Every structure is written in C-alpha cells, then in structure tokens.
Amino acid sequence: MNVLNFISAFFNDSAHWQGYDGIPTRVAEHVQYTLMALAIAAAVGLPVGLLTGHTGRGGNTLALIATSARALPSFGLMVLMFILLGLGMAPVMIPLVVLAVPPILVTTYEAMRSVDPAPVDAARGMGMGEAGVLFRVELPMALPLIFSGLRSAAIQIVSTATIAAYVSFGGLGRYIIDGLYQRDYEKVVGGATLVAAMALTTLAVFWAVGRITVSPGVRRRG
Amino acid sequence: MNELFDMPSYLEHSYFGLVGLHLREALLPVLAGLLVALPVAQLCVRFRWLYPPVMWVTTVLYAIPSLAFFVILIDYTGLSELTVMIPLAVYSLVVLVPAIVDGVRSVPQETLAAATAMGLGPVRRYLQVQLPIAAPAILAGLRVASVSSISLVSVGMLIGNEGALGNMLDAGLKYDQPRLVWLSVLGTAVLAILVDALLIVLRVLLTPWMPRGTRKGSRTLVAKEAAR
Numbered sequence: 001m002n003v004l005n006f007i008s009a010f011f012n013d014s015a016h017w018q019g020y021d022g023i024p025t026r027v028a029e030h031v032q033y034t035l036m037a038l039a040i041a042a043a044v045g046l047p048v049g050l051l052t053g054h055t056g057r058g059g060n061t062l063a064l065i066a067t068s069a070r071a072l073p074s075f076g077l078m079v080l081m082f083i084l085l086g087l088g089m090a091p092v093m094i095p096l097v098v099l100a101v102p103p104i105l106v107t108t109y110e111a112m113r114s115v116d117p118a119p120v121d122a123a124r125g126m127g128m129g130e131a132g133v134l135f136r137v138e139l140p141m142a143l144p145l146i147f148s149g150l151r152s153a154a155i156q157i158v159s160t161a162t163i164a165a166y167v168s169f170g171g172l173g174r175y176i177i178d179g180l181y182q183r184d185y186e187k188v189v190g191g192a193t194l195v196a197a198m199a200l201t202t203l204a205v206f207w208a209v210g211r212i213t214v215s216p217g218v219r220r221r222g
Numbered sequence: 001m002n003e004l005f006d007m008p009s010y011l012e013h014s015y016f017g018l019v020g021l022h023l024r025e026a027l028l029p030v031l032a033g034l035l036v037a038l039p040v041a042q043l044c045v046r047f048r049w050l051y052p053p054v055m056w057v058t059t060v061l062y063a064i065p066s067l068a069f070f071v072i073l074i075d076y077t078g079l080s081e082l083t084v085m086i087p088l089a090v091y092s093l094v095v096l097v098p099a100i101v102d103g104v105r106s107v108p109q110e111t112l113a114a115a116t117a118m119g120l121g122p123v124r125r126y127l128q129v130q131l132p133i134a135a136p137a138i139l140a141g142l143r144v145a146s147v148s149s150i151s152l153v154s155v156g157m158l159i160g161n162e163g164a165l166g167n168m169l170d171a172g173l174k175y176d177q178p179r180l181v182w183l184s185v186l187g188t189a190v191l192a193i194l195v196d197a198l199l200i201v202l203r204v205l206l207t208p209w210m211p212r213g214t215r216k217g218s219r220t221l222v223a224k225e226a227a228r
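These protein sequence lines are chains A and B, in that order. Quick note on our numbering: the first sequence kicks off at 1 and runs consecutively. Quick note on our numbering: the second sequence kicks off at 1 and runs consecutively.
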C-alpha cells in the first residue's frame with residue numbers, strides 16, 4: 001500500500017496546489033499540449049481519411065504512410081527535434097502529431113470503406129450529390145469508428161506528452177521527471193496518478209461525445 | 001566507420017549490443033502478452049459475457065502512460081529490465097486479445113461443424129482449425145503490438161538507463177553528440193520496420209492457402225487493431 005500512501009501525501013500537500021509548479025498550472029499545460037496536437041493531427045488526418053475513404057483510392061499508400069509513421073519512436077523523435085530546433089513548441093508538437101496521425105488517418109479511411117453500401121446507393125438514387133453522400137450519409141454512419149481512432153490518438157498523446165518534460169517542457173511529466181531526479185517518490189507517484197486520471201477522463205469524454213453525436217439508429221446497429 | 005558506432009562506455013554495450021537488448025526488451029513482452037492473450041481470448045469466445053469486461057479492464061490499463069507505469073513498478077521490481085517489460089506486456093494485451101477474439105470468431109460455423117464431424121476433439125479443433133484460420137488476424141495484432149513496443153522501450157531510459165537504444169538519447173544530450181541521437185532514432189525505426197516486415201513474411205508462410213495479393217484483407221485488420 002506504499003503507492004497509496006504516496007498518492008494521498010502528494011494530494012494533501014497544499015504546496016502542490018498553487019504557484020508555477022502547482023497542479024492546476026501543470027494540468028492546464030498538459031491539456032493545452034494534448035488539444036493542440038490532437039487538433040493538428042485531426043486537421044491532417046480527418047480530411048485525407050474522409051476523401052480517400054469516400055473515393056476508395058490510395059488505401060495502400062495510406063497504409064504505407066501509417067506504418068512508417070508508427071515506426072518512428074516518439075521519445076527519440078522528441079529529443080532529436082529538440083536538438084535540431086531548440087527550445088520551442090515545435091519539438092514537442094512534431095512527435096505528438098506523428099504519433100496521432102496514423103490511427104486517425106487509417107481508422108477514418110477504414111470507417112468510410114466499411115459503411116454499408118445500400119444506404120449510400122439509396123442516397124445517390126434519391127439524387128444526393130457527392131458532398132451530400134459524404135457528409136449526410138457516410139460520415140454519420142462511419143462516426144463511431146472515426147471516434148475510436150480519435151480516442152486512441154488522444155490517449156496516446158496524453159500519455160506521450162509526459163515525456164516532453166525531459167526536454168524541459170511543462171505538463172504533468174514535470175512531476176515525474178523532477179521527482180525522479182530529486183528522488184522524491186511522492187511527486188513521481190502523484191504525477192503518474194494525475195496522468196492516468198487524465199487519460200481515463202479522455203476515455204470518458206469520448207464516450208460522452210459519442211453518445212451525443214452518434215445517431216441512435218447507427219448506435220443500435222453497432 | 002568505427003567512430004560512427006563508438007559508444008560512451010557507461011552504456012556498457014556496443015551499438016549492436018544495444019540493438020540486441022532493444023529487441024529482447026521489446027519482443028519478450030509481446031511474446032508473454034501472446035501467451036496470456038490466447039487463453040484469455042479463448043475464454044472470451046467461449047463465454048460471450050466475459051468479453052466486454054475484459055476489454056474494459058485492458059483499455060483502462062492501456063490508459064496508464066508508460067512512464068507512469070514504469071515509475072510505479074520501480075517500487076516492486078526495482079530498476080531492472082522487468083520494470084520496462086511488464087507494462088509493455090500489458091499494453092500488448094490490449095491489441096492482441098481483441099485481435100484473437102475477432103480472428104477465432106470469424107471461423108465459419110460450417111467449418112467447425114465439419115471439423116467436429118471429422119472426429120476432431122475440442123483441443124485438436126482449436127489447434128488445427130481455429131488457430132490457423134485466425135492466423136492473419138493474430139499476426140495483424142502482433143504487428144501493431146511489436147512496433148509500438150519497440151518504440152516504447154526507449155522511454156525506459158528515463159528510469160535509469162533501462163531503455164536499450166533509448167539510452168543513447170540521454171548520452172547524446174549530455175555530451176552534445178547529435179550522432180548518438182540520430183543513431184538511436186534511426187536504429188529504432190529500422191528495427192520496427194524490419195520486425196514488421198518479418199511478421200508479414202511469417203503471415204504469408206503460415207497461410208499458404210491465402211492468395212498472395214490479399215493486401216487489402218490484412219490492411220483492414222491492421223487498421224482495426226490500430227484503432228484500439
């Protein structure tokens with residue numbers, strides 16, 4: 001029960017709740033990194049995935065891009081970018097975006113491809129244009145799978161943003177890395193708990209968003 | 001050429017020594033994950049109600065960041081390879097269990113009935129019919145699990161140089177040697193691509209009845225695994 005003692009000590013220490021190294025600041029930084037990286041990755045992955053999925057072309061190229069992006073080690077890439085670009089937002093964002101694009105891209109493509117062709121044909125038969133078919137038929141039906149890709153990307157970003165602290169950035173990783181160097185276990189375990197809690201919150205947020213945005217008809221089928 | 005691969009002596013390994021260490025630290029957990037995932041997945045196929053709770057538990061475990069997981073384990077397993085390998089094995093479960101369950105469930109009922117009619121018992125039916133038919137799905141899962149495991153080992157550097165090739169990142173920063181960082185990143189990426197390619201070859205060898213050109217099928221499977 002060692003770990004539990006450390007956790008309660010960390011959260012009961014009022015010094016951890018205020019100031020530049022306080023929990024609110026670090027949580028805000030972590031959320032900021034996560035949202036930025038997810039937004040950039042989604043801005044790249046979603047349109048490309050939707051379009052290629054709609055036309056059904058370029059699937060093999062996408063798979064190749066995704067496989068090679070996944071092969072790049074995030075931590076190593078972060079250190080490399082730090083050496084090449086120096087202190088700044090880019091060395092943190094590049095690895096996080098590289099990490100998040102493959103799941104978004106590949107799942108979006110596959111989600112669009114696995115849409116039941118019957119409703120799509122029906123929509124065309126009713127005279128819907130390409131944009132109508134894409135946004136009003138295929139997208140709503142592909143939404144659950146698209147969300148699962150975004151969710152997996154978001155969780156990987158939350159957990160990987162921790163290592164940004166190693167190249168002197170903020171976020172929740174600060175507690176873990178500083179704690180390791182200062183041999184302050186309370187801090188390390190406290191930080192680890194916060195990151196895990198944030199990842200679980202991300203799961204919950206995606207579940208809620210899926211609940212609200214996926215149409216009941218599609219949800220009952222899946 | 002020798003200078004290119006010169007290592008700081010405190011890393012205690014040559015470059016290719018680190019490559020070997022990296023492979024072991026990344027792939028042993030995936031193997032352990034596979035050994036655990038096979039029976040767990042079989043239970044999930046047998047008792048359908050078990051599948052959703054199992055998926056919930058593995059998804060929640062997957063949400064624990066690797067660095068946090070390593071650090072919490074230090075208390076129990078010390079600063080050792082095991083501290084890095086246990087979380088990696090747990091992460092591989094998240095990918096492998098659904099891959100195997102989907103694979104085994106995709107075996108048609110008629111095939112199972114035919115196997116039973118031919119006098120195969122449950123064990124032989126599992127080993128000779130269900131597992132081979134599920135092989136493409138299982139290998140698609142193994143590909144995703146191995147590649148992400150190879151990438152994650154590097155983070156082990158942060159808990160006291162347990163990150164194999166990742167250890168060079170710290171050395172590179174400390175001694176201002178970008179060469180070491182490049183070697184680490186490129187080495188890890190090449191390792192991941194080679195292992196991925198080997199698993200594709202293995203799938204082709206294990207499933208000779210599938211037409212060679214079924215890239216699409218395996219791509220779909222990889223995409224599904226990547227979404228977890």
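Keep in mind that the hints were calculated from the coordinates and are not lab data. Note that the structure is a prediction, hence the values are computed from the model and not measured. Certain hints may be false.
What the hints assert, rightly or not - Stretch by stretch, here's where chain B covers chain A in the computed footprint (C-beta under 8 Å, at least three residues):
1. 37-44
2. 128-139
3. 182-195
4. 199-208
5. 212-219
As the list claims (entries may be wrong) - Partner residues are not named here, just some residues of chain B that face chain A (Cβ under 7 Å, in silico):
6. Q42
7. V45
8. P108
9. Q177
10. V185
11. L194
12. A197
13. L198
Idealized CB from N, CA, C, for every residue including glycine.
Quick rundown of the hints versus the structure:
1. 37-44: Coverage by chain B is violated here, the residue count being 0 at a Cβ distance below 8 Å.
2. 128-139: It is violated, with 0 qualifying residues against the three required.
3. 182-195: Check passed, 7 qualifying residues.
4. 199-208: holds (count 4)
5. 212-219: violated (count 0)
6. Q42: violated, 25 Å
7. V45: Violated: closest Cβ of chain A sits about 20 Å from B:V45, beyond 7 Å.
8. P108: With Cβ-Cβ at 20 Å, over 7 Å, it is violated.
9. Q177: violated, 10 Å
10. V185: holds, 4 Å
11. L194: violated, 9 Å
12. A197: violated, 10 Å
13. L198: violated, 13 Å
Of the hints listed earlier, those the structure fails to meet are numbers 1, 2, 5, 6, 7, 8, 9, 11, 12, 13, in rising order.
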